[in-house]
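Engineer: Top line first, the protein sequences correspond to chains D and A. Each step along the first sequence adds one to the number in the numbering used here, with nothing skipped, and position 422 is 427. Each step along the second sequence adds one to the number in the numbering used here, with nothing skipped, and position 107 is 108.
Read the hints as simulated data drawn from the structure, not as lab findings. Be careful, since some hints might not be right.
[Unchecked claim] For lysine to aspartate or glutamate, the following EDC-like pairs were computed, each having C-alpha atoms within a straight-line distance of at most 20 Å:
no.: 1; chain 1: D; residue 1: K296; chain 2: A; residue 2: E51
no.: 2; chain 1: A; residue 1: K158; chain 2: D; residue 2: E419
no.: 3; chain 1: D; residue 1: K225; chain 2: A; residue 2: E51
no.: 4; chain 1: D; residue 1: K296; chain 2: A; residue 2: E62
[Claimed, not checked] Here chain A is said to cover these stretches of chain D; the calculated rule only asks that three of the stretch's residues, wherever they fall, bring their Cβ under 8 Å from a Cβ of chain A:
no.: 5; stretch: 242–254
no.: 6; stretch: 288–298
no.: 7; stretch: 327–333
Where is the CB? At the ideal position from N, CA and C, for every residue including glycine.
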Amino acid sequence: MEITKSNFKAYATPQFKMLSDEQIYEIHLATLEVLERTGVEVFDEEGVDLLASAGSHVEGKARVRIPSYLVEDALKSAPKRVTLASRDGRRKVLLEGTKVYFGTGSDCPHILDSFTGERRLSTKEDVEKAALICDSLPNIDFFMSLGLVSDVPGAVSDRHQFQAMLLNTTKPIIFTAHDETGMADIIEMAAVAVGGREQLRGNPCIGLYAEPSTPLQHSKAAVRKLLLAAQEGIPVVYTPCPLAGGTAPATLAGTLVMDNAEVLSGLVMSQLRQKGAPFILGGVVTVMDMKTAIIAYGAPELHMLSAALAEIAHYYRLPMFSTAGCSDAKVMDQQAAIESAFSCLMAALSGANLVHDVGYLESALTGSYEMLVMTNEVIAMVKRIMRGIEVNEESLALDVIDKVGPGGNFLLEEHTLHHFRKEQWHPELMDRNNYEKWRQAGGKTLGQRTTEKVKRILAEYHPEPLSPEKLKQIDAIIARAGARKE
Amino acid sequence: MVNMKEIAENLVQGEVSKVKELTQAALSEGTSAQQVLNQGLMAGMDVVGERFKADEMFLPEVLLSAQVMLAAMEVLEPELAKAGAKPFAKIALGTVQGDIHSIGKNLVGIMFQGIGFKVIDLGVDVSPERFVDAVRQEQAQMVCMSALLTTTMPFMKTTIEALQAAGLKGQVKTMVGGAVVSQRYADEIGADGYAPDAAAAIDKAKELLSIG
Numbered sequence: 006m007e008i009t010k011s012n013f014k015a016y017a018t019p020q021f022k023m024l025s026d027e028q029i030y031e032i033h034l035a036t037l038e039v040l041e042r043t044g045v046e047v048f049d050e051e052g053v054d055l056l057a058s059a060g061s062h063v064e065g066k067a068r069v070r071i072p073s074y075l076v077e078d079a080l081k082s083a084p085k086r087v088t089l090a091s092r093d094g095r096r097k098v099l100l101e102g103t104k105v106y107f108g109t110g111s112d113c114p115h116i117l118d119s120f121t122g123e124r125r126l127s128t129k130e131d132v133e134k135a136a137l138i139c140d141s142l143p144n145i146d147f148f149m150s151l152g153l154v155s156d157v158p159g160a161v162s163d164r165h166q167f168q169a170m171l172l173n174t175t176k177p178i179i180f181t182a183h184d185e186t187g188m189a190d191i192i193e194m195a196a197v198a199v200g201g202r203e204q205l206r207g208n209p210c211i212g213l214y215a216e217p218s219t220p221l222q223h224s225k226a227a228v229r230k231l232l233l234a235a236q237e238g239i240p241v242v243y244t245p246c247p248l249a250g251g252t253a254p255a256t257l258a259g260t261l262v263m264d265n266a267e268v269l270s271g272l273v274m275s276q277l278r279q280k281g282a283p284f285i286l287g288g289v290v291t292v293m294d295m296k297t298a299i300i301a302y303g304a305p306e307l308h309m310l311s312a313a314l315a316e317i318a319h320y321y322r323l324p325m326f327s328t329a330g331c332s333d334a335k336v337m338d339q340q341a342a343i344e345s346a347f348s349c350l351m352a353a354l355s356g357a358n359l360v361h362d363v364g365y366l367e368s369a370l371t372g373s374y375e376m377l378v379m380t381n382e383v384i385a386m387v388k389r390i391m392r393g394i395e396v397n398e399e400s401l402a403l404d405v406i407d408k409v410g411p412g413g414n415f416l417l418e419e420h421t422l423h424h425f426r427k428e429q430w431h432p433e434l435m436d437r438n439n440y441e442k443w444r445q446a447g448g449k450t451l452g453q454r455t456t457e458k459v460k461r462i463l464a465e466y467h468p469e470p471l472s473p474e475k476l477k478q479i480d481a482i483i484a485r486a487g488a489r490k491e
Numbered sequence: 002m003v004n005m006k007e008i009a010e011n012l013v014q015g016e017v018s019k020v021k022e023l024t025q026a027a028l029s030e031g032t033s034a035q036q037v038l039n040q041g042l043m044a045g046m047d048v049v050g051e052r053f054k055a056d057e058m059f060l061p062e063v064l065l066s067a068q069v070m071l072a073a074m075e076v077l078e079p080e081l082a083k084a085g086a087k088p089f090a091k092i093a094l095g096t097v098q099g100d101i102h103s104i105g106k107n108l109v110g111i112m113f114q115g116i117g118f119k120v121i122d123l124g125v126d127v128s129p130e131r132f133v134d135a136v137r138q139e140q141a142q143m144v145c146m147s148a149l150l151t152t153t154m155p156f157m158k159t160t161i162e163a164l165q166a167a168g169l170k171g172q173v174k175t176m177v178g179g180a181v182v183s184q185r186y187a188d189e190i191g192a193d194g195y196a197p198d199a200a201a202a203i204d205k206a207k208e209l210l211s212i213g
């Protein structure tokens, strides 16, 4: 019997809302008010000039008050979708709507060594390995360095860091740079890898990560990089890191307004420099812990605020950068697992587009391969949850229920054989054995099993290499930068 | 007679006006400034410290008490000077060149004021020269530097070298801090001390300046 229904498949995936539409609008209005009333400080002449020429009010050299119409213009001209490509030009990461992608975070000064258990300064080799591991993991869609390269000359460490990333993964890379010149070199290196500047512009495999300084300040370095990105058509993630109670109001809504004001003033500068420049709204928003004064990456407030920001971005119909898979734990322990799981699920439910910081421990000060690999599995579980429950004639299974009848079983039914692989997620790291089997296999904890997987990946996986030609050209760019700095 | 315990209790509660009033009243009654300082204000800060350790008071409340301390100190200072008391340590504090992050530095500054240090807050993006000037002109006994970025950390070293070049390294202590700084880094650059957070900074500062 054919059943006709309308709108029946409308809610096939889980629904989640942190803010109501009215609340989002209030936050938007409050943001516009902050920009007109309090304004921002812009420590770059070109940034100030762009804003002033467009009609902003400038007080002194750097204090700029931005009229609401400029913000509305920028929101309109910014592209509603930004696509990142893999190194070989495949358009893989579509930052639009509520599509969710996960990746690592950048620049942890330390790394937790998987072989010695030591917490030590990150090296270039650590970043290479992180890239390789991410390249191998099916649930990691993009890469940020995880480690901060410390064993090369400081002035050009950003180029070395990028090289380590570029050579060991084909996934899109969100990079950091010391300044404009570092960024220019990095863009050139990426262009070599993909086969030219036009190729890079058309299918960008890179995006810039830059930060304003909360509260309400845009440093010179941040603005220079932001404007260069706009000029070169490189997608930019502009991410404030407000700490509620410290650099932002203690109330969560006020912190959202703070973040939004900084992001949107960055967006205005970007669009004034180049209309249509690809821009991704962001925020690493959380509380300042009032005992230890740290930026609390594992706090429930981080998940809530990130979800709220995603909803605000959806209201603007702009791509959004969120935060998950991270922890304040010093080692990959139960705290790390809890904080990773909560954050990943919330980020996915919120429909955030580019979700970063997978692999972060110690509030962004230490990177961990174990955290990364464990979270890859967390994301797999999250993806299963996000696929939702299909309700249709086949899935309601009335015929097979009747066939099996009271007291039967479904194991050998064709319906089961046909559906079980898709309906049921099968774990790799999570253990479901009975006690005896688990004991026989060594009685290992999740942490131990994860370390084994990390070592396995490092031993067995090989990312696709670049041609010797290209490797040489990339080396030359770094050498040139080194020579310049002397 | 003004009760020293009342001063301490009001300091713990963050009551600025009350504490100033009581401090003034105590002085008028003939209580020595030193006694008010030790048994009233410092005693109060000790309680704050204990409650902070026990998770009963948190940073905003601790900072409020520190501000009360600062306000009361302004009333006490002339009397303390008259009585020939040793002047409080002067600390030049700032975020290094190229870095505009300030919250950590501000936290430390207020905490230092809370234990009676005189803090000369140089602000952010402070060049080595300005740190040197602060030592020369204000006779600062300690220079405390903050940095959040690994790219600006090197200016901590530059500043220490500048103090050396100005012949001031012997007479001034240096301390560094910030999320990316470590004991190891402090040792590498020849800083006298490092502290992982504001509370530890107080202990370290007292140690470096040989204060009880």
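Engineer: Any hints from earlier that this structure breaks? Give me their numbers in increasing order, please.
Structural biologist: Hints 2, 3, 7 are the ones this structure does not satisfy, whereas the remaining hints hold.
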